[in-house]
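Visitor: As a plain string of letters, each chain reads:
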Amino acid sequence: MKASKILAAAAMLTLAASGSAFAFHDGGVAYCDGCHTMHNSSGNAAMTKNTAQFQGNKYLLKGSDDSSTCLNCHSGATLSGYHVMTYPAPAVNASAPVNRTPGGDFAWLTQTFPAAGRSAVSLGERHGHNVVAADFGLTPDTKLLVAPGGQYDTAALSCASCHDPHSRARVVDAAGTIAYAIPGQKVLPIGTYGSYGDLPTANEAVGVYRLLGGANYSQMSYVNPLPFNADPPVAVAPKTYNRSEATADTRVAYGQGMSEWCANCHRTIHVDATNAANTALIHPAGNGALLTAAANDLQGNGTGTTIAALYNVYKNSGDLTGTVATSYSSLVPYEEGTKDIATLLSHADITGTVTAGPSTGTENVMCLSCHRAHASGFNSMTRWSNTTDFLTVANAYPDFAAGAGTESYDNSTGMNQAVYAAAMYDQPATKFAYSQRSLCNKCHAKD
Amino acid sequence: MKTYASIIVRFHRTLPVAIACLLFTMFMLSSTRAEAKLVYLYNLSNFNGSIASSWVTFGTDKTQKELYVVNPSDQSVDVFNKTGLLVYSFGEEGEFGAIRGLDVDDNGTIYVLSSRGKRTQVVIANFRGDPQEVLKLENLPPLFTDNFNPERIFCRKGHLYLIDPREFKVLITDLHGNYEDGFEFASMINVNYKKRSDFDIRGVTVDAEGTLIFTIPVNSLVYLISPDKKLTTFGRRGSSPGKFNIIGGVAADDKGRLYVADTLRCVIMVFERDKDFTFRGEYGERGFDPGNLIAPMEVAVLGDLVYVSQSANRGVSVYRITPE
Chain R
10 MKASKILAAA AMLTLAASGS AFAFHDGGVA YCDGCHTMHN SSGNAAMTKN
60 TAQFQGNKYL LKGSDDSSTC LNCHSGATLS GYHVMTYPAP AVNASAPVNR
110 TPGGDFAWLT QTFPAAGRSA VSLGERHGHN VVAADFGLTP DTKLLVAPGG
160 QYDTAALSCA SCHDPHSRAR VVDAAGTIAY AIPGQKVLPI GTYGSYGDLP
210 TANEAVGVYR LLGGANYSQM SYVNPLPFNA DPPVAVAPKT YNRSEATADT
260 RVAYGQGMSE WCANCHRTIH VDATNAANTA LIHPAGNGAL LTAAANDLQG
310 NGTGTTIAAL YNVYKNSGDL TGTVATSYSS LVPYEEGTKD IATLLSHADI
360 TGTVTAGPST GTENVMCLSC HRAHASGFNS MTRWSNTTDF LTVANAYPDF
410 AAGAGTESYD NSTGMNQAVY AAAMYDQPAT KFAYSQRSLC NKCHAKD
Chain C
153 MKTYASIIVR FHRTLPVAIA CLLFTMFMLS STRAEAKLVY LYNLSNFNGS
203 IASSWVTFGT DKTQKELYVV NPSDQSVDVF NKTGLLVYSF GEEGEFGAIR
253 GLDVDDNGTI YVLSSRGKRT QVVIANFRGD PQEVLKLENL PPLFTDNFNP
303 ERIFCRKGHL YLIDPREFKV LITDLHGNYE DGFEFASMIN VNYKKRSDFD
353 IRGVTVDAEG TLIFTIPVNS LVYLISPDKK LTTFGRRGSS PGKFNIIGGV
403 AADDKGRLYV ADTLRCVIMV FERDKDFTFR GEYGERGFDP GNLIAPMEVA
453 VLGDLVYVSQ SANRGVSVYR ITPE
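Line order of the protein sequences matches chains R and C.
Sequential numbering of the first sequence, starting at 10, is according to the working numbering.
Sequential numbering of the second sequence, starting at 153, is according to the working numbering.
Extracted from the complex, chain C is given alone in its bound form (with noise of 0.2 Å):
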């Protein structure tokens, strides 16, 4: 009885220490597990070699795997294969006007925002990037008829996203143009509206689930507006590994990580979001060998390949996500 007595307080004492080793295992495991690194690939190219481009933005066709670069220098989408080759262009003739941005839905359908003179429009273009029709917006409410011009579209789930970054405002319709939901942000994110123009909103995406993500890197932090208009942020301002020195681009991927440009410092950071945004990486580093880069801006995730658009003509590079 005494030994029976002995070894359950044994146990009893015991045990706490075993739980927290075995906790303390299982967090080391999932860390690891966790831990994603950036390989760099290759810059996008055509059959001539790398091509030159600065800060362009992305638009993505989750279906063929492709990635549309728009560049607003010349005015040129350019398309290019998983393997990053060139394989299409269109827009360069003017047609669309000044093209600010695309994104493309499960049916390979574009969705072109672009201005002409002060007027933005969203033009329906087919995979030949043949202007079709201009999406006709229906139903909006007045926060959207003044005031309003979008600067990114983000196509997910049957939903296309208009975001205008200088009037903090978001825009969802379905395909057709319809109305969904919208709304201004800058009071969720306790900016003075009359302020607006002092926070430059750098980076913006929209995850798969619908939530807008964006980054404000006056204020050193990423944003996360969920669809039931949630808000949290991340983020700390510095010069070490995960800090925030001048933020660019974000994108988020499938498996729950963020990547988020910092064009100061010339890295891709990766944050694991479910995780209280864990710093698990950054990959990069500002110079001129391959992989390198010079003040990195855009971010897109493709599957398992991230690409990222830099300054001085660096061009897109390309990074490969592999599990560490």
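Same shape as in the complex, but just chain R (with noise of 0.2 Å):
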């Protein structure tokens, strides 16, 4: 009795010890003084000296403002596993941002890199979301005023605008159905996390994927909102996701609803049905943006074979003699077209053991196919260049460093060899052709 009571003690101890490195958000709102102090009093003395004791900041935060309170936990000098910015960022082709999210690293907002062959200087505020973070470098996008396609103030622009820290939507079966703590409704509390592939019990509900806002979400750091309209996505990250590429991809298995969740900013932007006529002259993305659509067969005949089939036939530039069994790219990732959770973390991976590419006809493109959520090496946020005419010279990242009037200086954007590899995620160079183009054409085949 008394050893029993003992290994007890031991492993409670163990446990308590341990703890839970996901335990802060647990899927839904934190503790509250977690971010918040409620009074500005500590030890009856002001926590924030900027104001007097009893008069805190802006929403009772403890930051400087909403990104700046998300960021004391969420950057720093190495990869963490939830770590979404390199903080102090780097010198610009002294060394990488080091994180590899799957939705990016912000200090590539910070990266500014010179002007190389035709490219242009690239702008570090044209690699991704310009969060503001006053405590952390963080400006207001300077030429983007307002959201593309919608109305949102990007000077207003923190994780808040996406995430919802005090998350109210969860997923509430293992069909992914997503209900909101609303008035007059009841509905089972969060448990969890949501972004792994936990499955709701019949007590508890997980939260949504990344705990991004909800229908109906608004700020209130925001004034005059226009509130979302759609739910989140439904998606399962594998439990690591910021890793280096260099030897498998870290493949999140989206599910459905990304593009129409981004369209709660950037409305007019989205378009989720091809156009039979080519007239639509938008790139669909969203749900109904099926990779069956009919692609070009590449033999003279305008059409004759799918997206889909390109997909996985397309290895590299030239060679098309991909099988369906290893298609599948992390860097032009596609949504599944269920919510189904427990088929969705089937195929979240990181072992390079899930390689399948799209066979079931429910497959779609989305915004993430090209772009990164937060921020990427390149303009435009995109995964890859779209500025150049190669990714790859010669079976290698192009190289700033190799200097003015070289093929790979041409195509560098700007970046040395590794900055440029770890823009790539550290994928090998010798994984594409000898002489890379766009990967645009893993749906399009048009090299």
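Be aware that one or more of the hints could be misleading.
[Claimed, not checked] List of simulated lysine-lysine pairs, DSSO-like, C-alpha gap at most 30 Å:
(1) C:Lys270 / R:Lys248
(2) R:Lys58 / C:Lys189
(3) C:Lys309 / C:Lys288
(4) C:Lys382 / C:Lys427
Just so you know, the hints here were simulated from the structure itself, not pulled from any lab data.
Both chains come to you apart, so use the hints to assemble them.
Guide: This is how it looks when you write it as structure tokens:
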């Protein structure tokens, strides 16, 4: 009896000591004093000296603003499971931002690369969503004053513009049904994160993917918002997702609703249907933008195959010998067209063993097929360079240091080779063609 | 006889009270003696005024009382004298690669931890910051031949400590790079190795006796691993004085005090190590007035001065430890 008590105590101590690194948000609203000071008072003295005791910062935040509060945890000099920004940001071309989350590292916003070849200066602010975080040197976009395709004031852009830190949205069943805590309704409480494939139980819901804001979400810190009209997407990420892709892709199993959700702010950009008459003049993305759409059969006929078929045969520039079993690329991900969490969980992977491409006919292109959600090393926060002809030169990534007049320099977008490799998430250059062209060709095979 | 007896009885009755009073007085005296206060002096400066920087890291030359400041944003190393004035700079030309940290031995030799591409190296530099040679690490066991990319370096009493906070590894060599000791400490602190990236080690230092000290903010704990591999932890999550909100850097002085930065609460907390980590006060507070802090991160102690790096280009604030 005594021994069992000691063992139990030891086990409890071990658990207490090990803690849970995911314990702060737990899929929903965290403990309040993690981010807020209720009275700007602690030990009967003001916590924030910017204002008098009992007169705190806006929204009772401990940080200078929304994002500065978030980045206290979510930034750092080294890669960590939950870091989304390298801080302090590295000197341009001395080293690269260290994080490799699927969303990208906000430090790319600070990396302005010099002009090279035909590429103009690659401005840092063109590399991602310019969230404002005064304590971390992130300033508003100077060119795009409102969200493209929308009306969101970019001076107010913060982490909380997309992520709802008090998330009331939750997934209540294995089919990915999203529900909200709203007056007059009773829903399951949120028990844990919903980003990694955990299933709701009879007693507990799970949070929504990445705590993204749900329908009717509007930030308190943004005046006169256009409330969201779309639910958060359903997706499952591998639990270890901030990692180099040198040996294997980080495969997030995107399910459904990503583009519709992005359109909460970028409303008029979004068109999810393909246009047979080819008159829409806008790239489709969304639940209806199926990869079964007709494509040029590459044998003289305008159509005859599908985007999915091209995705599956495409290995790299000139090499169309791929098969569906190994065709997936994390540089060109797609949605699977399902919200079934178990199915998505079976596809979320970092081992390099889940490599199959689109096969069900329900897959669709989405905004994140081409863009990263936070930031990337390239203009328009794309996953690869769209401002140069080649992504590789002689089986190597381009290199600004190669010097003017070289093809490597011309295609570098101003990045040194090691930085370019980081922007490509360390995927080996030899994985691509000797002279690899844009990864638009993963779906369109024009190269 | 009766009188003597009553005296003895009375004495026996009053003795515990007297001892209690004595102990209480001793406790109060010891508490008062141990109190330490941080008084803001200035920010590190050059002749033009305070130098802007964010979340820089430190190395210390205890002999010359000089502070070395490594700034990853411009690859520079700035050297400051004991009055906080910039006296020398090196590294901006990229001669070391991307500098991650440095420290200085008792003879003034500088050990620069840097990376070129994926290769991490220790470069020995002279007092001018001129690279002399790459330190060859000898006789390393397999634990340190793969998956070992140190981010921090410390020089203590003739030993180099190379710490890889991502892999939870510490390597100890002599000043010539010969292996002396090394271990992986994820299991020691009950962190599942496969989930180690979820446990961000923010602050890390090595004290004069070779104890590895580090912080993990998600656990709201400071960890101390002594040279004989004994683990001690302290800390409690919370927002009130002495508790951990989002902790950052940690430093130890030679008086047995630990200094812990709380990045979100914007304070430097002082704890007394040999008194069960008794909280002795906190200083700074969030704000833009002199002496206030914005997201403090790294802490270093040199003599009676405490150096604190901050975000928002607020530079490095310097405080003096004064007995109170």
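Visitor: Take the hints in turn and mark each one as holding or not.
Guide: Verification of the hints:
1. Annotation: proposed proximity of lysine 270 of chain C to lysine 248 of chain R holds, straight-line Cα distance about 25 Å (limit 30 Å).
2. Proposed proximity of lysine 58 of chain R and lysine 189 of chain C is supported: the alpha carbons are some 18 Å apart, at most 30 Å.
3. Only pairs whose Cα atoms come within 30 Å are accepted, and lysine 309 of chain C paired with lysine 288 of chain C is accepted, the gap being roughly 19 Å.
4. A threshold of 30 Å between alpha carbons decides the hint, and for lysine 382 of chain C with lysine 427 of chain C the separation of about 17 Å falls inside it, so the pair holds.
When held up to the earlier numbered hints, the structure conflicts with none and fits them all.
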